[in-house]
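**Student:** One rule links them: number in our numbering = place in the sequence shown (from 1) + 1062.
Accuracy of the hints is not assured; some may be wrong.
[Said to hold, decoys possible] Ranges of calculated distance between the beta carbons of each label pair, as one might list FRET restraints:
{"no.": "1", "residue 1": "Gly1334", "residue 2": "Gly1286", "range": "55 to 65 Å"}
{"no.": "2", "residue 1": "Gln2000", "residue 2": "Glu1638", "range": "27 to 37 Å"}
{"no.": "3", "residue 1": "Arg2027", "residue 2": "Ala1997", "range": "22 to 32 Å"}
{"no.": "4", "residue 1": "Gln1131", "residue 2": "Gly1286", "range": "49 to 59 Å"}
{"no.": "5", "residue 1": "Pro1648", "residue 2": "Arg1783", "range": "13 to 23 Å"}
{"no.": "6", "residue 1": "Thr1490", "residue 2": "Pro1603", "range": "16 to 26 Å"}
{"no.": "7", "residue 1": "Arg1999", "residue 2": "Pro1648", "range": "40 to 50 Å"}
{"no.": "8", "residue 1": "Ala1196", "residue 2": "Ser1130", "range": "24 to 34 Å"}
{"no.": "9", "residue 1": "Gly1147", "residue 2": "Arg1999", "range": "22 to 32 Å"}
{"no.": "10", "residue 1": "Val1870", "residue 2": "Thr1075", "range": "19 to 29 Å"}
{"no.": "11", "residue 1": "Glu1271", "residue 2": "Ala1196", "range": "26 to 36 Å"}
{"no.": "12", "residue 1": "Gly2012", "residue 2": "Ala1824", "range": "20 to 30 Å"}
{"no.": "13", "residue 1": "Glu1638", "residue 2": "Gly1602", "range": "10 to 20 Å"}
{"no.": "14", "residue 1": "Pro1603", "residue 2": "Val1385", "range": "19 to 29 Å"}
Just so you know, these hints were derived from the structure itself, not from any lab. Just so you know, even glycine gets a beta-carbon here, dropped at the ideal spot from N, CA and C.
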Amino acid sequence: MRFGVLGQLAVWTREGSPVRVPEAKVRALLAALLAHDGGPVSADRLIAGLWGEQPPGNALNTLQTKVSQLRRVLGRDAVTHEPAGYRLQPAEVDADHFAELTRQAAASTDPGTRAGLLAEALALWRGPAYADFADADFSQAARTRLTEHRLTALEELARTRLELGEHTRVADELGPLTREHPLRERLRATHLRALYLAGRQHEALAAYEDLRHRLAEDLGVDPGPELTALHQAMLSQDPALTPVRSGGNLPAPLTGLIGRTQAQRRVRELLGEARLLTLTGSGGVGKTSLALAAARELTAPDGVWLVELAGHTGTLAATIAAVLGIREETGDPAHRLTEAVRGRNLVLLLDNCEHVIEQAAELTAALLRAAPGVRVLATSREPLRLPGEIRYEVPPLALPEAISLFTARVEATGGVLDDPAAVRAICTRLDGLPLALELAATRVRALGVHLLAERLDDRFRLLANGSRGVPARQRTLWAVIDWSWDLLTEPERLVLRRLSVHADGATLAAAEAICAQDGLDVLDALTGLVDRSLLLAQPGPRYRLLESIAAYARTRLAEHGEQPEIRQRFLAHYTELAEQADLRGPAQRDWLTRLDTEAANLRAALDLADPPTATRLSTALAWHWFLRGRYRDAHTATTGTWRAAFALLIGETSPQSSTVDSPLATWFLAWAHLHLGQTTAAEELLTDHPGDPWLTAATLIARAKLASFRGDLAATGTAGRDSLALFTRLGDDWGRLQAMDVLAYAAEVTGDYPAAAELHAAGLRIAQDLRLWTDVSYRLAGLGRIALLTGEHHRAADLHRRARDLAVEQANPFAETFANVGLGLGARRQGDLDTAERLLGAALAWNRGLAQPYYGAPLLLAELGFLAEIRGDQEQALALHQEGHTIAERLADPRAIALALEGLAGATADPAEGARLLGEATALRAAVGAPLPPAERQDVSRIEQRLRAGLGARYEAEFSAGGTRRSAR
């Protein structure tokens, strides 16, 4: 956690998201601990600080309650108790950061660096220290100390800015502060010096007389030696008052640079390697701020000089010469400038070169050739393209840094950050562009973050009131992008506006298809847009627009009347792409990745499509959605048989009838029925496809699964192996994965655990390679089951937890429940009956809530029945096992029936009937070639032992009798 006391009390996560501390007394408790540097603070002092002279009846218990509430917000170990009192564990506090920055400033000998550090320190202040506890006794000492420290920093920053030549600004800005603190002699001395150096000597002398009068009237003293000496120097117009120009004209920062620590370090490194470094990036990304911050850390004998080119008129050489103080004379300005700097050692910061890019490139080349001691740091939306130039692309802020910047700016305006999710959404949708974030921050006080996030679709109107302290081209988001648009060629404008139809970037092929026009070189235009920082080039290549630039370009597309035609091109391209995708062969992995990358564009195309085209597109995408576990998206978009199948997969009621779309859709509906264990419905849909190898392999795997439900392990193995061989020849890894799953199940049932584990592990590797995360979850859980059966309980629990977490990430309740059942099985086998009952009971409740029954119910009922029996609740055990037996008979699953019979044997009050039930279950398992393996005999052995003890010699006879009665039922 990070804490803020320089203003109202604030708490943030390390990522910068605000944390709400509820209830006034809990906030006061936190403030009291922070005011005492974290403590320890005795309970008596805290009670006095929180309640004053009117403590509650049981003050100590009430305080402990407040401490508990605070721990719930900050973490259990955040507040500890020791003999001396309560202590807040060490954490980041803005007041400590402020002190460290001012310490660094005091240690710096460079005025630019010192000014930057002091400005960054003062930017941490969001208002008076402990502003919401101004009247609390516990905060008074801390408030006084911090306020004094802030005033000292303000004084030191003002003095430093005088060193940098900012006389007029300092004179204007210190006026209100001196009226607020009229008797601070150091502050008044700095103000007097600023007035004098700004050419306002009369005001300076009048201000001195005002101070002398106030000191005499209020304190009965005269001004100190420093002020007296300064007054005499002003009267005599001492030349020593006018400092020698130290070189450079960099302005002191008004706010600290947030989120650019690594970028600033990298720029500094690059400036040590090259004489020409150009910072490029889109408008509003913060090129100038980064360049200034880096420049303030540079030293050069002849200074570091900022040359603003955005509003440049006349010759560029004359503009630079004026900044450097080179006298105007006749002749060529460029020649005069190069001659003047030939022997000088300085740094030029050429800001906003894109508007005069040709002039800037030509003059920079001449300066670098003529003056070996000159270095140039340029900012531009495109590079200068000169030999030896190093280009550094300034990226948008990453999300944590964007949140930190937005948070700081909102708090500076007094806005409230009460919705972390909305803050994240704002920072994400504004692409991490510092300018956009700063503009948005000004709206929070009026709108709040939630409403601001909702209104970002209308971002250009919303973000239209920037600071008066910046150029007009930076006061609105529209103006920032408009500035770049004006610099484009017509082909670049055409490509940019047509690209905006994309939801998430475009390949070169897509760009060429959608932006095509006679005589247009799309690749050349794309290259120009990348160079001008309006387009991000990603590996592939893939071209992506920032969301704000895309919104601007879409407006331009509509203005040109091209929107209907370009949308049709977009729809046609992505429909064709989806229909080309080969997801059932050796190219499966590549096509999965490609469609994953295009997911947003495909979704946008679906939204644009008319009904016939939407059906084409959704049918083409159905298999991709299935493989990626996006069942709800598929259910919403598809029609007919596909929709019926996806309804089953999301646990909804399947339509009574559906149109037969294709053999593939029909097979898929059968597969969905098998997912729920609905063998009869699946069998009715399965047919042979001799002319289609893939459907033949798919039908084989479906029949293998069908046979496994019916206990026919021989048929399961045969069909599973044949399917695996055919899918292998076809190169379909998904099919291989399914065949391995069925074969692993058969191996587990017969007790061949090494073979089952090997098959699950091989399937896991395939699923991970294809990024089929739901299948990864199932394979992890399958390995967890094997570990459970081989007695590796800790490994089993770890595998099942990993499976569950992955299923939760994929929002797949079937896979999540399967993993939780594994955890429940493990808990029961280790004697943790409460955990087992909670997990298995939750799984059963979820199962019963499905529109379609799920085949896992018999196992859950049996496990809960055994658990009830162990606890001695025979009535509950009997009811659970009877319900499980009814469902198992309906499913016609021999192993499920046998399991229910074994449960009934333990729950029945008649020992003889119990023995007969065990005999019947054993015979049923033997009949299907799946006797109970030793690792799964725990419950049967316990029940058998009890029955033998009750029946004695009669047990064997009753057991044998049970083994012959299954056919009579």
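**Student:** Confirm or reject each hint.
**Tutor:** Here is how each hint holds up against the structure:
Between Gly1334 and Gly1286, the C-beta spacing of about 45 Å breaks the proposed range 55 to 65 Å. Checked against the given bound of 27 to 37 Å, the beta carbons of Gln2000 and Glu1638, roughly 58 Å apart, lie outside it. Judged by the Cβ atoms, the range 22 to 32 Å given for Arg2027 and Ala1997 holds: they are separated by roughly 28 Å. The supplied range of 49 to 59 Å is met by Gln1131 and Gly1286, whose beta-carbon atoms lie about 51 Å from each other.
Here the CB-CB span from Pro1648 to Arg1783 is close to 21 Å, well matched to the stated 13 to 23 Å. Under the hint 16 to 26 Å, the C-beta atoms of Thr1490 and Pro1603, about 24 Å apart, fit the expected range. Distance hint check: the CB atoms of Arg1999 and Pro1648 are about 45 Å apart, consistent with the given range 40 to 50 Å. With their beta carbons about 27 Å apart, Ala1196 and Ser1130 fall inside the hinted range of 24 to 34 Å.
For Gly1147 and Arg1999, the Cβ-Cβ distance of about 60 Å falls outside the hinted range of 22 to 32 Å, so the restraint is violated. Checked against the hint of 19 to 29 Å, the C-beta distance between Val1870 and Thr1075 comes to roughly 22 Å, which is consistent with it. Checked against the hint of 26 to 36 Å, the C-beta distance between Glu1271 and Ala1196 comes to roughly 35 Å, which is consistent with it. Taking 20 to 30 Å as the suggested C-beta distance range, the pair Gly2012 and Ala1824 does not conform, at roughly 47 Å.
For Glu1638 and Gly1602, the hinted distance range of 10 to 20 Å is satisfied, since their beta carbons lie about 19 Å from each other. A hinted range of 19 to 29 Å is violated for the C-beta pair Pro1603 and Val1385, which are about 40 Å apart.
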